[in-house]
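Engineer: One line per chain: the protein sequences are A and B, in this order.
Take the first sequence: its position 268, counted from the start at 1, is 268 in the working numbering, and no numbers get skipped.
Take the second sequence: its position 337, counted from the start at 1, is 713 in the working numbering, and no numbers get skipped.
Careful, some of the hints might be misleading.
Claimed, not checked - These stretches of chain A come out as covered by chain B in the derived footprint (C-beta under 8 Å, 3 or more residues): (1) 285 to 291; (2) 312 to 318.
Unchecked claim - Derived pair list, reagent style DSBU-like, types lysine-lysine, alpha-carbon separation capped at 30 Å: (3) B:K606 x A:K215; (4) A:K214 x B:K476; (5) A:K214 x B:K541; (6) A:K215 x B:K602; (7) A:K162 x B:K443; (8) B:K602 x A:K214; (9) A:K215 x B:K481; (10) A:K162 x B:K695; (11) A:K215 x B:K476; (12) B:K594 x A:K26; (13) B:K456 x B:K481; (14) B:K602 x A:K26; (15) B:K476 x A:K169; (16) A:K214 x B:K456; (17) B:K610 x A:K169; (18) B:K481 x A:K169; (19) B:K410 x A:K162; (20) B:K478 x A:K162; (21) A:K215 x B:K703; (22) B:K703 x A:K162; (23) B:K703 x A:K214; (24) A:K215 x B:K594; (25) A:K215 x B:K573; (26) B:K476 x A:K162; (27) A:K214 x B:K695; (28) B:K410 x B:K610; (29) A:K215 x B:K456; (30) A:K214 x B:K481; (31) B:K476 x A:K133.
Hints were generated in silico from the structure; no laboratory data involved.
Idealized CB from N, CA, C, for every residue including glycine.
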Amino acid sequence: MIYLDNSATTKPHPSVLQSFQDASEKFFANPSSIHQLGGAAERLLTRAREQIAEILNVQPDEIIFTSGGTEGNNMAIKGVAFNYQQRGKHIITTEIEHPSVYETCKGLEKLGFEITYLPVNKKGVISLDDLVKAIRDDTILISVMHVNNELGSIQPIEEIGKIAANYPKLFFHVDDVQGLGKVPLSLTDSGVDLCTFSGHKIHGLNGTGAMYVKKNTSLFPLLHGGGQELSLRSGTENLAGAVSFAKALRLHDEERREKYNELLKMRSYLFDSLTNIDGVIMNSTLEGAPHIINISVPHLKPEVVIHQLSEYGIYISTKSACSSKQNDISRILAACGHDRDISATALRISLSYQNTMAEVEKFVETFKLVINQLSQ
Amino acid sequence: MQYDHILIRYGEIALKGNNRKFFLNTLQQNIQQKLKGFPNIRVKKTQGRMFVLLNGQDPDPIIEICKNIFGIYSLSLAIKVSHDLEEIKEAALYALQNSKAKTFKVAVRRADKKFPIGSQEMNHILGGHLLQNTSGFTVDVHEPDVEIKVEIRNTGTYVTSDVIKGLGGLPVGSSSRTLLLLSGGIDSPVAGYLAMKRGVQVDAIHFHSPPYTSERAKQKVIDLAKTLTKYTHKINVHLVPFTKLQQEIFKQIPDRYTMTVMRRVMVKISERVCQEQGILSMTTGESLGQVASQTMESMNVINEVTNYPIIRPLVAMDKEEVVAIAKQIDTYDISIRPYEDCCTIFMPKSPATNPTREKINHFESQADFSELMEEAIKEMTVIEVTDQDDVADDEFADLL
């Protein structure tokens with residue numbers, strides 16, 4: 001099996017699974033219980049939080065455990081919107097956000113919020129001028145993803161943060177689900193107030209994730225209840241999940257140090273060899289993230305390519321997994337200005353540190369074969 | 377060009393006559409100890425100054441650490457160049473451009489009189505050079521945001537700009553040791569911090585009463601000690617099992633006076649630990665009049681059982697002042713964790729605020745706590761809390 005759909009989800013690392021199982025068995029107590037088992041569970045939760053904070057170079061009380069990217073994005077956007085609506089009801093985001101941001105904003109429109117969706121250029125990047133022009137007196141939030149999930153394009157988070165810093169009344173949220181551990185982002189130097197992370201994109205488990213909430217940022221919680229997670233996210237803590245996320249993040253961080261260059265090599269090989277195939281159009285650029293490559297093969301139905309490749313045990317995807325069930329063109333590619341031929345025939349190859357050059361070579365060889373077969 | 381030194385100033389130490397060498401060695405050792413994680417750097421002493429030689433190391437994390445070392449009054453990044461005028465100009469320009477200031481002045485000190493240009497003239501030369509080669513900076517000789525200091529010494533020329541404030545105080549270890557009575561509340565960690573500020577090495581003693589107090593209350597004290605190690609190297613926490621003694625006190629002593637007797641027993645045990653460890657004093661977080669045990673009458677009665685000095689750094693402080701320091705040193709959030717400690721759990725409904733020595737001695741004469749005290753001391757455990765992350769003994773290492 002050659003798995004190249006890592007931006008949809010990754011295979012859990014065996015030791016992450018082991019940690020989840022061990023933590024579930026040995027530390028099953030409720031961290032809020034006052035007995036000793038509860039105390040041990042609470043200490044473990046604290047250690048997991050500290051480890052994550054250390055890797056992300058932030059303070060432990062700025063990390064909130066969540067169920068993943070969709071919850072994090074909802075929590076940040078609705079949390080700011082509901083908490084600060086007296087201050088203003090204007091939110092700025094982009095046309096290429098993940099549905100968990102995009103649809104959340106659409107939902108807020110129904111409640112009377114006004115949303116500016118910044119356009120992107122052909123490379124999938126917003127213009128800072130557009131951003132500055134969009135900021136108004138009643139703007140309370142800028143929400144911009146770090147790395148686009150379909151295209152791999154990278155937004156200039158640090159520059160956006162510098163602009164946002166001139167407007168003390170607004171908050172800056174970053175969806176870093178795809179960028180975590182692949183494209184460096186210094187939360188403290190980038191003026192970010194809120195940042196979303198997910199476990200299952202870094203060989204952790206589904207249903208795990210974390211949110212960076214900078215000190216003194218108040219949110220209206222999505223989940224009210226027993227006041228866990230600094231009252232920002234009530235509900236008995238998913239301790240084993242939190243532990244597994246901490247472990248996944250540490251392992252991923254270690255892998256990044258060892259294998260980042262290898263990832264770059266695989267990307268550049270894919271870039272060169274795919275661009276050279278007749279009829280293949282490269283939608284990603286080398287300025288983008290090193291693990292996401294988006295191509296279109298006009299006149300070929302992407303589903304057919306996917307099915308044919310999986311006959312050979314190779315797995316890639318059309319658009320993003322979250323939107324691929326809707327039989328439509330890619331909203332992201334359309335936003336970049338691509339016509340229907342391209343935006344309806346996109347394929348995404350997404351890598352992880354666990355892929356190898358041999359796998360990537362095998363993929364290219366098979367891909368050529370499949371394209372040939374299908375074109376006849 | 378880049379900063380290659382950190383200049384360390386240590387104001388008060390310079391005054392200490394014959395002891396000066398000892399104080400300086402202590403400071404140097406403390407800095408070396410704290411910077412152990414940076415093998416490339418060197419800590420060097422010269423007349424009136426201490427330098428960290430960076431040898432290519434990024435200065436930011438080092439400055440962050442040095443900001444928490446007692447005995448350091450201020451820090452500046454420095455560049456060392458030769459006596460060549462062009463090099464000095466270049467260094468001064470670098471120093472200004474890397475400063476956050478808007479206005480500046482140049483202050484040249486020519487310690488090496490062999491240098492041909494006088495300091496006044498150098499001020500002009502460098503000031504002119506800086507104005508010509510930058511934009512957005514103006515000179516303000518009265519209240520500049522930053523002074524570009526240029527010291528021409530026979531070993532070389534040192535150029536510095538921004539002054540970063542340190543904690544002041546005396547290097548920890550230069551004023552012997554004290555035993556801090558660490559309860560888990562807001563006050564005692566602050567008292568320990570202030571004792572360390574005056575150069576005292578702190579050991580801690582904590583009385584716990586399982587099952588009336590929980591593991592978490594004990595962990596809280598260890599976490600407090602851990603937080604305090606930011607200002608020192610390690611703190612030994614003496615954990616005294618106190619349950620039996622407390623039960624006996626409550627059996628033998630009238631309710632209103634149990635608190636006072638309990639404190640006397642704690643002080644007696646603490647004095648024993650001091651004797652055995654060669655520690656010369658105790659330190660508490662008491663502040664006058666805060667609560668029942670901290671009236672002048674209570675202090676008088678409690679203090680009767682020891683002739684060791686009891687240092688009370690908070691004695692004249694308001695609660696707000698203590699809280700402000702606790703927040704600054706990151707102990708506040710730990711201290712307010714809601715676990716009962718041995719003092720709150722057996723709190724009588726209305727403790728006596730005006731005990732007298734006669735009364736308490738009378739009650740105590742009808743009871744005998746000595747055997748239980750011996751037992752408590754025998755069962756005491758000591759945990760060494762250091763500023764290092766002890767990854768090896770981390771109980772959760774496999775999971776994370």
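Engineer: Compare the structure with each hint and give your call.
Structural biologist: Hint-by-hint comparison with the structure:
no., hint, verdict
1, 285 to 291, "violated (count 0)"
2, 312 to 318, "violated (count 0)"
3, B:K606 x A:K215, "holds (22 Å)"
4, A:K214 x B:K476, "holds (24 Å)"
5, A:K214 x B:K541, "holds (26 Å)"
6, A:K215 x B:K602, "holds (22 Å)"
7, A:K162 x B:K443, "holds (27 Å)"
8, B:K602 x A:K214, "holds (24 Å)"
9, A:K215 x B:K481, "violated (37 Å)"
10, A:K162 x B:K695, "violated (39 Å)"
11, A:K215 x B:K476, "holds (24 Å)"
12, B:K594 x A:K26, "holds (22 Å)"
13, B:K456 x B:K481, "holds (19 Å)"
14, B:K602 x A:K26, "holds (26 Å)"
15, B:K476 x A:K169, "holds (24 Å)"
16, A:K214 x B:K456, "violated (39 Å)"
17, B:K610 x A:K169, "violated (43 Å)"
18, B:K481 x A:K169, "violated (36 Å)"
19, B:K410 x A:K162, "violated (34 Å)"
20, B:K478 x A:K162, "holds (20 Å)"
21, A:K215 x B:K703, "holds (14 Å)"
22, B:K703 x A:K162, "holds (29 Å)"
23, B:K703 x A:K214, "holds (18 Å)"
24, A:K215 x B:K594, "holds (28 Å)"
25, A:K215 x B:K573, "holds (29 Å)"
26, B:K476 x A:K162, "holds (16 Å)"
27, A:K214 x B:K695, "holds (28 Å)"
28, B:K410 x B:K610, "holds (11 Å)"
29, A:K215 x B:K456, "violated (39 Å)"
30, A:K214 x B:K481, "violated (37 Å)"
31, B:K476 x A:K133, "holds (29 Å)"
When held up to the earlier numbered hints, the structure conflicts with 1, 2, 9, 10, 16, 17, 18, 19, 29, 30 and fits the remainder.
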